[in-house]
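Asks: The primary structure of each chain is shown beneath.
Protein chains: 2
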Amino acid sequence: MNGAESLVQTFVDSGVEVCFTNPGTSEMHFVAALDRIDGIHPVLGLFEGVVTGAADGYGRMAGKPAATLLHLGAGLGNGFANLHNARRAATPIVNVVGEHATYHRQYDAPLSSDIASVASPNSVWMETPERATDVAGAGARAYAAAMGAPGGIATLILPADTAWLDAEGPAKPIAAAPFAQVDQATIDKVAVALKNGKKSAILIRGRALLADGLDLAGRIQAATGARILCDTFTPRMQRGAGCVSIERLPYFAEQAVEHIADVEQLVLCGSQNPVAFFAYPGKESWLTPPDAETLVLARPEENGLAALEALAEAVGAPAQANEYVKLTKPDLASGSLDADGVGRAIAHYLPEGAILSDEGATAGLFTNIYTERAAPHDHMCLTGGSIGQGLPLATGAAVACPDRKVVCFHGDGGAMYTLQSLWTQAREKLDVVTVILANRSYAILNIELMRVGAENPGPKALSMLDLHNPELDWVHLANGMGVEAVRCETAEAFNEAFKASMSRKGPFVIEAVI
Amino acid sequence: MNGAESLVQTFVDSGVEVCFTNPGTSEMHFVAALDRIDGIHPVLGLFEGVVTGAADGYGRMAGKPAATLLHLGAGLGNGFANLHNARRAATPIVNVVGEHATYHRQYDAPLSSDIASVASPNSVWMETPERATDVAGAGARAYAAAMGAPGGIATLILPADTAWLDAEGPAKPIAAAPFAQVDQATIDKVAVALKNGKKSAILIRGRALLADGLDLAGRIQAATGARILCDTFTPRMQRGAGCVSIERLPYFAEQAVEHIADVEQLVLCGSQNPVAFFAYPGKESWLTPPDAETLVLARPEENGLAALEALAEAVGAPAQANEYVKLTKPDLASGSLDADGVGRAIAHYLPEGAILSDEGATAGLFTNIYTERAAPHDHMCLTGGSIGQGLPLATGAAVACPDRKVVCFHGDGGAMYTLQSLWTQAREKLDVVTVILANRSYAILNIELMRVGAENPGPKALSMLDLHNPELDWVHLANGMGVEAVRCETAEAFNEAFKASMSRKGPFVIEAVI
Chain A
30 MNGAESLVQT FVDSGVEVCF TNPGTSEMHF VAALDRIDGI HPVLGLFEGV VTGAADGYGR
90 MAGKPAATLL HLGAGLGNGF ANLHNARRAA TPIVNVVGEH ATYHRQYDAP LSSDIASVAS
150 PNSVWMETPE RATDVAGAGA RAYAAAMGAP GGIATLILPA DTAWLDAEGP AKPIAAAPFA
210 QVDQATIDKV AVALKNGKKS AILIRGRALL ADGLDLAGRI QAATGARILC DTFTPRMQRG
270 AGCVSIERLP YFAEQAVEHI ADVEQLVLCG SQNPVAFFAY PGKESWLTPP DAETLVLARP
330 EENGLAALEA LAEAVGAPAQ ANEYVKLTKP DLASGSLDAD GVGRAIAHYL PEGAILSDEG
390 ATAGLFTNIY TERAAPHDHM CLTGGSIGQG LPLATGAAVA CPDRKVVCFH GDGGAMYTLQ
450 SLWTQAREKL DVVTVILANR SYAILNIELM RVGAENPGPK ALSMLDLHNP ELDWVHLANG
510 MGVEAVRCET AEAFNEAFKA SMSRKGPFVI EAVI
Chain B
30 MNGAESLVQT FVDSGVEVCF TNPGTSEMHF VAALDRIDGI HPVLGLFEGV VTGAADGYGR
90 MAGKPAATLL HLGAGLGNGF ANLHNARRAA TPIVNVVGEH ATYHRQYDAP LSSDIASVAS
150 PNSVWMETPE RATDVAGAGA RAYAAAMGAP GGIATLILPA DTAWLDAEGP AKPIAAAPFA
210 QVDQATIDKV AVALKNGKKS AILIRGRALL ADGLDLAGRI QAATGARILC DTFTPRMQRG
270 AGCVSIERLP YFAEQAVEHI ADVEQLVLCG SQNPVAFFAY PGKESWLTPP DAETLVLARP
330 EENGLAALEA LAEAVGAPAQ ANEYVKLTKP DLASGSLDAD GVGRAIAHYL PEGAILSDEG
390 ATAGLFTNIY TERAAPHDHM CLTGGSIGQG LPLATGAAVA CPDRKVVCFH GDGGAMYTLQ
450 SLWTQAREKL DVVTVILANR SYAILNIELM RVGAENPGPK ALSMLDLHNP ELDWVHLANG
510 MGVEAVRCET AEAFNEAFKA SMSRKGPFVI EAVI
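If you read the protein sequences in the order shown, they are chains A and B.
Residue numbers for the first sequence follow this note's numbering, so the first one is 30 and each next one is one higher.
Residue numbers for the second sequence follow this note's numbering, so the first one is 30 and each next one is one higher.
Any given hint might turn out to be false.
Heads up, the list lumps identical chains together, so a pair's fine if it works in one copy or across two of them.
[Said to hold, decoys possible] Pairs of lysine-lysine, DSS-like flavour, derived with a Cα cap of 30 Å:
#1 K534 <-> K489
#2 K312 <-> K224
#3 K312 <-> K489
#4 K489 <-> K228
#5 K312 <-> K201
#6 K201 <-> K489
#7 K228 <-> K218
None of these hints come from the bench; they were simulated from the model.
If we strip away everything but chain A, and leave its shape as in the complex, we get (with noise of 0.2 Å):
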């Protein structure tokens, strides 16, 4: 047994069950080892920026780790932005980073670089084996990395002759850390506080954004009044029919210390203070309320869940929340297609147990609007604002899920980053329905132009967010492919097709001119 064959066995012992790939010669016998150790299935991305959105998005939907398998320094490069995201999302990833042999590395040959560098900012864990017979301890210990609460981006290192030359096997897997409990008194705290008649109000991020979890939350605010809140881009959330409602932040900043100015305790369970997303001349960065007191429940890597459930009992909730979503299927469009009607048609037929994949900018937002009330759905979020997630995130999540249909809707722009992810949904045969909200437009690019203040933009700058010239086509380009897929120009045309879509399986691109 080599190096490589040490660590897949080590990773299947672990739990890994998926690599999502795209390997150079420096990683050969790791693809080789994918043969001799059984367990392991590869999904191979044409593009590393799909390789690791779909280890995202499966350890999202998995709540356990892929591997990826990337080739050098450039490699990782090139899925920088979507670790970017996972890491901002917590997902747990087991990164394999080939490098040179470790005698090769002296030489500086034209693909060594500075792999650490490129690894570190996204990652918990990082090591570089240097031994053969240390690549599968190395193998536990980032399994055991990615898992440790919250969960994290651990990258492996591999020099190539720690992957070829004899290692003595297998290691034992490893314990991750788990996510520690809240003491009574915490807990204790909060309650009381929920009871001292200040307007409040919980924001949740992370595991306890599930049903449960916001059952737990539904219930305290019914025993206090407090809000309940959730970050404007989440990892995961389950929303829909039966489920408690939550208020999403709105994205923009003062929107956001609006929605939230009355607020006078604000308690976090699992996340953090909220934050305008990008600085904006004589606007606020910091957007609790002044005065507003802060209370922590939960860190990221504490039980939430658990929190929420030890608060409800402490602060006497009843059984039921208040209220639960009721099914409101939004009546469909006709006439010219907008971003409204495609947001009511996805909403409309939307199946139960779907899993939505939203990087729809603005034009997706009456999508997400009306996704609330939809049929009950799993709901992921473009967690660090680097746009070219939502293609490679549908398809992960539909490795990690294969009997639940995804609809991934997604701004044609930030499509254009990761389209590879369409080639991977065809070989993979993946239930993956892809909407393009064509608007030929870096839409918020238009809106953001002017609230920076740079006002009176010139024929240059219009160009740079503007997507005409020439159009893209997205039917041609899912085609090129090998993903069959049709353009819509009018609500009836739209309607139909993603109705249809609903009851087929396999991938499919609906490019809807809006």
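Here the structure of chain A is known, so what remains is to put chain B in place on it, guided by the hints.
Replies: What follows is chain B alone, placed relative to chain A:
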């Protein structure tokens, strides 16, 4: 005048004419400044790998930097791989990377990351102005750093508020460090060595690979019998009819070792001792024969062209080389299309003054060989080995040289990394013909899998190197981005299509199914 305007004016005054951009909110003031200050043509890329690769192609052909505009650490990450390739080409580039406002950085907003950590592996210079009044000076220093011999990547990290606050005006351009002159003692030492009867070779890289440098090398060869070599992957070389021919080192290490096995003295002119691209079990990493002496004529930061001129004089070189390449148009192929036939047609029809962007990988080897005796042209290679450079490199070269035909021949696997380049070619109406060598495979890895000793690969391994399922359709992909395209499956069809493409203007894609 705000900080962004002071920066743009400083760039214009320094000599920047083009900015390849993929901006976000934090770069909006720089974008607005491109209208307020005349002199810079902005070129939008729909993915940052296009932006940085195009800046590389521009810099190689223009001999001076383009600016880039990238969105924070994640945008820089997306551009990392082609910056890596540019670093290996010593291409001058001035990166402008947007950053959160100075006072906003403390909040760790979702898009925050350690930009410097991602920038440093590829940058010869890096600076983050903290005040708007510091921005112009940083811009002048960035330009000088990028242009300093032998050329490199300068990264200016631009906090948003330093762009939008008032500045004092542009900074005066700063003279870059020139290529240092090689001293006469070194020239004389090499001249004596080349006459000592030992078998010698001169390995050339950098500016001396243009026609005048090769002419000098040919004259030195005539006087001394020294062989003239270049690396497998050179940033830019002039080749074809009328040029002095040069021996290219083979890619595979054992072939390269054999190729120069009898060399007793290796003279470096702007180059390093050659090393293997990758390590392989039981094969050499260091390619210079163990008993050979290495003589440094010129380091990369020294004036190799002037050194060759002085050396020619010192060895009493004749006025002419022994031989100049004679135009040799290969016969056209017929019947089924293969890589050989593609190479014949490209070399046959290549017009004088064309620019070749070569990421042909395995299937491009024939084209590389045949074009050596084609009409005189410039030839650019994948210097850093990170695939996905050829299309953007061609894009940037066409921006730099609008009156010359650019031909890009590219493996299909590598082309998928930065296919968004085609959209920029369409928008800018660039005169680029792209030949996709569609072998539906990461063909090089099928070879490498064997060479690294990973014998008897199984179906999972083979599927990681195979692009058949599904097949990419480059006509659809190109059309989807507004570029006309044709698929050729016979030699006759390819001959005709390539010939026709040489007498039309604007971007065009030929998918050569081989």
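Asks: Check K489 against K228 for me: Cα-Cα at most 30 Å, and say if that holds within a copy, between copies, both or neither.
Replies: Answer is neither; intra-copy 48 Å and inter-copy 58 Å both fail.
Asks: Give the relationship of K312 and K489 under a CA distance limit of 30 Å: within one copy only, between copies only, both, or neither.
Replies: within (27 Å within a copy, 54 Å between copies)
Asks: Can you tell me if K228 and K218 fall within 30 Å by alpha carbon in one copy, between copies, both or neither?
Replies: within (16 Å within a copy, 85 Å between copies)
Asks: Checking an output row: K312 and K201, CA cutoff 30 Å. Within, between, both or neither?
Replies: neither (53 Å within a copy, 34 Å between copies)
Asks: Reference check for the pair K312 and K224, CA-CA at most 30 Å: within, between, both, or neither?
Replies: neither (33 Å within a copy, 74 Å between copies)
Asks: Taking 30 Å as the upper bound on the Cα-Cα distance, should K201 and K489 be classified as within, between, both, or neither?
Replies: Between copies only: 25 Å across chains, 59 Å inside a chain, cut-off 30 Å.
Asks: Could you figure out if K534 and K489 sit no more than 30 Å apart (CA to CA) within one copy, between two copies, both or neither?
Replies: between (44 Å within a copy, 24 Å between copies)
Of the hints listed earlier, those the structure fails to meet are numbers 2, 4 and 5, in rising order.
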